[in-house]
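Visitor: Protein chains in written order, with the working numbering: chain F, 2 to 292; chain C, 380 to 502; chain B, 2 to 156; chain X, 95 to 453; chain E, 61 to 701; chain U, 170 to 304.
Hints listed in this document are in silico derivations from the structure and should not be mistaken for laboratory results.
Do not take every clue at face value.
[Stated by the list, open to error] 30 angstroms max Cα-Cα, derived DSS-like pairs, lysine-lysine:
| no. | chain 1 | residue 1 | chain 2 | residue 2 |
| --- | --- | --- | --- | --- |
| 1 | C | 410 | X | 269 |
| 2 | C | 445 | B | 137 |
| 3 | B | 140 | B | 109 |
| 4 | C | 410 | X | 294 |
| 5 | B | 7 | C | 410 |
| 6 | B | 7 | C | 394 |
| 7 | B | 140 | C | 410 |
| 8 | C | 394 | X | 269 |
| 9 | B | 140 | C | 481 |
| 10 | C | 445 | X | 375 |
| 11 | C | 476 | B | 109 |
| 12 | B | 137 | C | 410 |
| 13 | B | 140 | C | 445 |
| 14 | X | 375 | C | 410 |
| 15 | C | 476 | B | 7 |
Spelled out, the chains give:
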Amino acid sequence: MSTPEIAIRLFAAVLLAPIAGMLLVGLDRRISARLQGRVGPPVTQPFYDLVKLLAKQGDTTSRFQTACLALYLASNVVSLAMVFLGQDLLVMLFVVAFGAVAYIVGGFSAKSPYSQLGTQREMLQLLTYEPLLIFLAVGIYLRTGSFLAADVLRLERPLLPELPVFALTLVVVYCIKLRKSPFDIAASAHHGHQEVVRGPLSEVAGPSLALVELAHWYELPLLLSIAALLWATPLWAGVLLGLACLLASIVVDNVAARLTWSWMLRFGWAVAVPASIANLLYLYATRGGGS
Amino acid sequence: MARMLRSVLHNAFSKPATRPFPEAPRAAFEKARGLVTFDCTDCRFCGACALKCPTGAIRVVREERKILFEPFKCIVCGACLEACRFGSVQMGPERRKPVYEKPVEVYTKPEADKPATPQDRNE
Amino acid sequence: MNLIQKARMKSPWILHFNAGSCNGCDIEILSCLTPVYDIERFGAVNVGNPKHADVLLVTGPVNRRNERVLRNLYDQMLDPKIVVAVGTCASSGGVFQNCYNCMGGVDKVIPVDVYVPGCAAKPETIIEGLILGLEKLAKMPSKPKKGAQPAEART
Amino acid sequence: MSEGTSVPFGPQHPVLPEPIQLRISLEDENVVQALPALGYVHRGIEKAGELNDFQQNVFLVERVCGICSSIHALAYCLAVEAVLGLEAPKRASYLRVVWMELHRIHSHLLYLGLLAEAFGFESLFMEFWRVRERVMDLLEMTAGNRVIISVCTIGGVRRDIDAEQARAIREELPKLRDEARRLVDSLLSDYTVRQRTVGKGTIPAALALELGAVGPTLRGSGVAQDMRMAGYAAYGELEFRPVTFPDGDTYSRTAVRAEEVFQSIDLVLAALDNLPEGDLKVGFKGRPEGAALARVEAPRGELIYMVVGNGTKNLERMRVRVPTYANIPALLTVLPGCEFADVPVVTLSIDPCISCTER
Amino acid sequence: MRDLLIPILVLSPMAGGALALILRGRAARSALVALSAAALVFAAVALASNGLMRYTPGPLTTIDWNRVVLAADVVLLGWFLALAWTRRHPGAFSLALLQAVGFAFLEIRYGERLRVTQGFVVDWLAIAMVLLVSILGSAIALYAIPYMDEHERHHPGVPSRQPRFFALILVFLGAMNGLALSNNLYWTYLFWEITTLCCVLLIAHDGTAEAVASSNRALWMNLVGGCAFLAAILMLAHAQPIGEAMAIDRLVGGPTPYLVPVALLCLAGFTKSAQLPFQGWLLGAMVAPTPVSALLHSSTMVKAGVYLVIRCAPAMQDTGLTNVVALAGAFTFVATAMVAISQRNAKRVLAYSTISNLGLIIACAGLNTAMAVSAAVMLLLFHAVSKALLFLAAGAIEQRIGSREIERMEGLVLRMPWTTALTVLGVLTMLLPPFGVLVSKWAALESAAREPAAMVLFVLGSAFTVLFWVRWIGRLMAVEPGREPEMTEQMPALFRWTMGSVAALAVLLSLLVTQVMQRFVAPVVASYLQVGSEGFRATVADLESRIGSFPVLGLALSLLIAVALAVILASGRRAPTVPYLCGEPPAEGAELAPLGPGDRPAPVRVSGTYLERFFAEERHAAWMTVGGVLLTAAMLGVAAL
Amino acid sequence: MSVLGEVSGIARIEDAPLESLLDALRAYRQRQARFITASCLDRGDRFEILYLFDEDLRTVAVRTLLPKGAKLPSATGVYLCAFLVENELQDLFGIEVEGLHIDYSGKFLVTDTFDAPPLLKQTACELQLPKENPS
Ligand code: SF4
Ligand code: SF4
Ligand code: SF4
Ligand code: SF4
Ligand code: SF4
Ligand code: SF4
Ligand code: SF4
Ligand code: SF4
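For reference, chain F alone in the conformation it holds in the complex (with noise of 0.2 angstroms):
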């Protein structure tokens, strides 16, 4: 890759995918509104939300905490990064991961009972995700034979043929980040009403809170480009099933409760994990298709 098109990658990365996310948190809010027969807020809410938030006092029960979300903050915009730099996949999820520890590890250190017990829950949503993503990872290694994101576009074919639990474990993952029902376990998207309150961001509060929805602006697009190398050629379907993914997981809220954290944890290793294991054997077994 030469200097100039890794410059025009980054800035796609770090300054126009904010603002595709910053439209899809906003679609994402209007989309559920309509759902529920309502007209719902405009599209541009979350520009709106954020202006406000960087223009409320500062206020912060923990330091601590503040540095932790703009490190999951961070996280986000160098794993975008990655992904639209074609690197590889698994040190990808690792960042990813590295914000979730983050973002947790921040939770813990408001002493708040709720931001305690809502990050213990986001804690197992890290365990419950964690996996389905990695697996992902595999499985598009088996058939590119390639853990970097800039093979899976020199591919010919798509990929989600073969990989079609994938698709689904997306949907769950979606759920899990989007905080959506039936596993907004840890705290609900923009209400606290949960019985941990708003989880770990019981105690976030003003600027502080910018960064989560700064980060959340950067989380849709890397979660839609996740989604699009299923199927990267051509790459605006890749994007299409990423939009689905997501209108899926809008319509899953809408249609489920909220669960538990015990049944997301059985859920997850009893049916997403074993369902993604037995893609993975398919892959296996019939090697070679794509390396």
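Given chain F's structure and the hints, the job is docking chains C, B, X, E and U with the ligands onto it.
Guide: Just chains C, B, X, E and U with the ligands now, kept in the frame of chain F:
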């Protein structure tokens, strides 16, 4: 979940239930209990309304021939309306509007040339 | 209107506290969130956590036990913030005038920015009150003046 | 040091409708103990009832709680009427039934929505509340106010339902029934909802009786007890059978309320069909002397007013015993053993109303 | 000079140990420890800069070294017998007896075949091991000086056993170096057994019933390993011509016909590394004073096991045996990581995590490709450093708060900010990119990507790992708002220096991961594996393989920027405020005690989650042991076939 | 002062002296009557307390007279659910209840801002808003 899916999809493809408020407010119901006002033209300042009012929103100052009404104490129950034998208490269907400061409305018997409007006074 | 003011107008996050009300106004506040009134059109969400909220909707006449809670919630909200007293009893005590445990309105405990009349206040009135309050909120300074104590009751 | 977890749940908590504090002790997210702290809504209404003129009390008791406010007014009026030896006119009794049942419909739909909200089923919450607006419109149309409808008065009712309005109600209710049926079916058959409600907070019938539970909480444990069976107002003349579900869990209690919505719709329609002509209220002179107790069925269960008059315009005593008061002991008994995530759901399943509990 | 390095590395600490027994004063002992440490570090660095070499010691005056070893072996076996006898442990006694008989048989029957000419062969794997032992070992020994003083204060009335303690530690260090460097199975066996003895005696240091019981368990389990080792020697001696029988470089330099002895050596490695089903002794060993745990039970002695397995890896290339070894390692990795979640005792968490990581190393060795072995070696290095740091920090914490319970460490960051910072740093280096352990894990995952079973187990195990680490940090960081940390944490200077330097080492090593790869790992892989299986290429910025790349420099830079940004963002915030407690204001003087029922202040508490419902030890002990036994049996079975 | 005579809506009122109050309650428990609540009236020198029960939709009552200053034995041993109302008696009437299962010691509904129990007749309730109706 399947049944709910039908519902939400139905919602997605039909008009939202949201009423366009405040752009196009709905007309109040004809018999709605709304704005309480006084028309002191026939008022005797007898105090029956004040006596029946469960919140003490009305004060009748007989000597000054004034009625002091605190609309933000009023629960729009209509007891005053029922108590007044002279039709001096009115209740319209419109809603009272929110305010920054609570007013005290002062009603007096209108002079022949002046219309019967309340004078607002802030406490 | 500058960007910050516009953002404040368009993103009111709400905290609702029932300070001893009869629930009448509370369910009307809740109605505001539901499809027919849908205040999320204006960017409003019910966040339920004072640290996230810009607007405190209080109902009820405030009693001697929840007074400290109300005060605490108000203190925990970050500036700038507004308080909307919803319903007659939040505005003045209303029908609970003879009740020994009541304080007689929210403004006895914390400063109130907007009074919303009605018993129960109708959703439309609540929305109007919210908008009225936001106009005030938008104009507030971002940084509180040095030495200004956030939570001092007016009386 | 940190053995176990103890967290406050309320008084202001995003999932709690009203200010109450439950002090929850947990072991790995399992509830070991739940202790309530009340008094956040205690106003002192019983005392105010002695200081007010007994006629003004009607407006006061309506605001004991706004959700079934008119039923408080009815119970109070029935008690005072008993002391005064009055009987409301027939038309008034029928109108009372209409309004009480409309109120019950709104209250139950409100509950179903809030329950959905408690387990994070936002769209279902929205749906129930959207449907509920139909009742609210009917209430506003007939009584002039949405929530505190203020229709009862001592000796009868303050408003009439004219033919035009009756027609509107007859038109609206079947629509409401269809929509509610669809939603109730979604609710009761939904996998995720069943996960969150079946077997949660089970109160066996014997325990429910022993702890004095009432209303849907009791009927959800399979005990067919409903004060409307006693036939106050016009209930004696309308066909009525209590709804029960056997399991005693959150699901059963919810199902009872869901089915009662339809029963109430039928009652309203029947009352309108049989609405006799006549006066709206009887006049009376004199002041209450003597004591009376009135028991009616509020949406959450049996509501009791006892008034003691002493011949002046002030009462000697006004005693209010509300349904949630009777249901709290059962709730506290079943919370231990639940998961923390079930606390809001199980708590909501008795449809608690703190404002009347504390008065 | 060159020729002196190995004697210095092996013998000088032993001599120091012997002296420590004689000179019983504290000052003399401390000086001895410091001297030995200096010698070790110096010699290790010199050895590393010298590079590959071979060395065989000349005769000691007139006596052949083989005689010395024989004598030492006899003493050692006798010691084991006596120990088992006095401890009244029939199992251990029979194992010791078996070994003694076996040894006697070996000496009498094959005595001649045991003598080899090549005493020590220094290759890069050995150098890496020696560096670990010497540098970390020295740091821990120094750390132990103030630690043991305090430890003694906690056990008043007991006569000081410090001379014995430091003697054992020093002897152990020498033996470890010997073990790493020796090219002669017969000699290695001696060093192996010395480490076992030191370990067993050190576990029993406190003399409590629990300590003795744990020590006994360590004794018999390690004697099983000793028996396996001896059996391997016996079989090799039986099968091989004189002179070559015991040369490790010949035996495992490439595919070998002697698979059963290799399997037996692996079994010995399993016992030493506490792999399932032998995990019990390491857990019990946590009763020992923490420097012992740090030294023996995390960074060095248990590494001897995996070291042996890595050494054996080339010998079992492309056999069924290597697959079983990989599976056994991966199984241990997952199972112990899972159980670690339910542990409330910090040292047990560390112990489980150690076992788990050793399992991962063994699994990588079993995968036996160039990438996998590189991963194994990297993990061996990075894990040792990070884990040593964690143990040292855990020890410091334990001495201060008097407990190992994680729950008691809640909010420790306020009371012991520096130690907590080091602990968190230790965990982060275990867990997050771009630190070394994670780079190694990445390497492990990529190398396992073509092996379904190993890959699945690796992924699942990694997921569990995150949970228990993060939970621990969470407890440490759970602070009461409004309280500022006491920035003046008291701790002995030696604590500060040793922990600080180990921490610095952990970070530095991570930053230099490409260098480490080029310098230590690549030669190991090159010398061990035939062409055809590609390892990693290290460029300035990246670590690359054929199938992926790890942008070490890029991530390190990003992290640096992110941390700087985070610090800037966080420092501008207003002072911390009281937490949201559902509206109730905190009672006077206690921020986390809002008024509760009856207007009484009720403190708010949140304990950590241990998911005992899912992951309790007892729930899983049975199948873990059964699985371990089956896999070890399978290992021997496959080798025999 | 007298006690309540007939109460419309209560089918039967059974008088029980303080000493045998719990036995009377136990009898109802045995008959599986559902405990409704207790209700207290300030009668000057004593309290008149009614324990209300439901028997197949009929209301029946046990009455006891409690001299002021005397202690009331707690019914929570018989009907656990009485703890709510008994705490309320402590709060609002200042009655000391003995053996109360869950005791909020007078701070159940009210905070300690009252000089005298608010529901006593002699307690002049401080009204914040004077009723100034001139007529
Ligand atoms: S509780 Fe939260 S999720 Fe539910 S409607 Fe309210 S704001 Fe939305
Ligand atoms: S308004 Fe009517 S009741 Fe009131 S003072 Fe005037 S005349 Fe009397
Ligand atoms: S109604 Fe007539 S008599 Fe009564 S107060 Fe008014 S003026 Fe006086
Ligand atoms: S409507 Fe009711 S509250 Fe309002 S002034 Fe009249 S009597 Fe008073
Ligand atoms: S009327 Fe008096 S007691 Fe009642 S709420 Fe208002 S101020 Fe409080
Ligand atoms: S204003 Fe009226 S409806 Fe609203 S809370 Fe108060 S009493 Fe209830
Ligand atoms: S919306 Fe308000 S009144 Fe309704 S339940 Fe919630 S808090 Fe209570
Ligand atoms: S139970 Fe009480 S508080 Fe609840 S709605 Fe009914 S009357 Fe209101």
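Visitor: Verify the proposed pairing of residue 375 (chain X) with residue 410 (chain C), using a straight-line Cα cut of 30 angstroms.
Guide: Judged against 30 angstroms, a Cα distance of about 19 angstroms means the pair holds.
Visitor: Regarding the pair residue 445 (chain C) and residue 137 (chain B), is the alpha-carbon distance no greater than 30 angstroms?
Guide: 34 angstroms, violated
Visitor: Given the hinted pair residue 137 (chain B) and residue 410 (chain C), is their Cα-Cα distance within 30 angstroms?
Guide: At roughly 34 angstroms apart (the allowed maximum being 30 angstroms), residue 410 (chain C) and residue 137 (chain B) break the hint.
Visitor: Under the criterion that the straight-line Cα-Cα distance not exceed 30 angstroms, is the pair residue 476 (chain C), residue 109 (chain B) satisfied?
Guide: Holds, at roughly 22 angstroms.
Visitor: Residue 476 (chain C) and residue 7 (chain B) were given as a pair; does the straight-line alpha-carbon distance stay at or below 30 angstroms?
Guide: Given that 30 angstroms is the threshold and the Cα spacing comes to 24 angstroms, the pair holds.
Visitor: Against the 30 angstroms threshold, does the CA-CA distance of residue 410 (chain C) and residue 294 (chain X) hold or violate the hint?
Guide: 45 angstroms, violated
Visitor: Is the hinted pair residue 140 (chain B) and residue 410 (chain C) satisfied, with a Cα-Cα distance of at most 30 angstroms?
Guide: 39 angstroms, violated
Visitor: Given the hinted pair residue 394 (chain C) and residue 269 (chain X), is their Cα-Cα distance within 30 angstroms?
Guide: 17 angstroms, holds
Visitor: Checking one constraint from the list: CA of residue 7 (chain B) to CA of residue 410 (chain C), max 30 angstroms. Satisfied?
Guide: 39 angstroms, violated
Visitor: Does residue 445 (chain C) sit within 30 angstroms of residue 140 (chain B), going by the straight-line distance between their CA atoms?
Guide: Answer violated: residue 140 (chain B) to residue 445 (chain C) is near 38 angstroms, above 30 angstroms.
Visitor: Given the hint that residue 445 (chain C) pairs with residue 375 (chain X), test it: the Cα-Cα distance must not exceed 30 angstroms.
Guide: Violated, at about 34 angstroms.
Visitor: Taking 30 angstroms as the top limit, are the C-alpha atoms of residue 410 (chain C) and residue 269 (chain X) close enough?
Guide: 23 angstroms, holds
The structure shown violates the earlier hints numbered 2, 4, 5, 7, 10, 12, 13.
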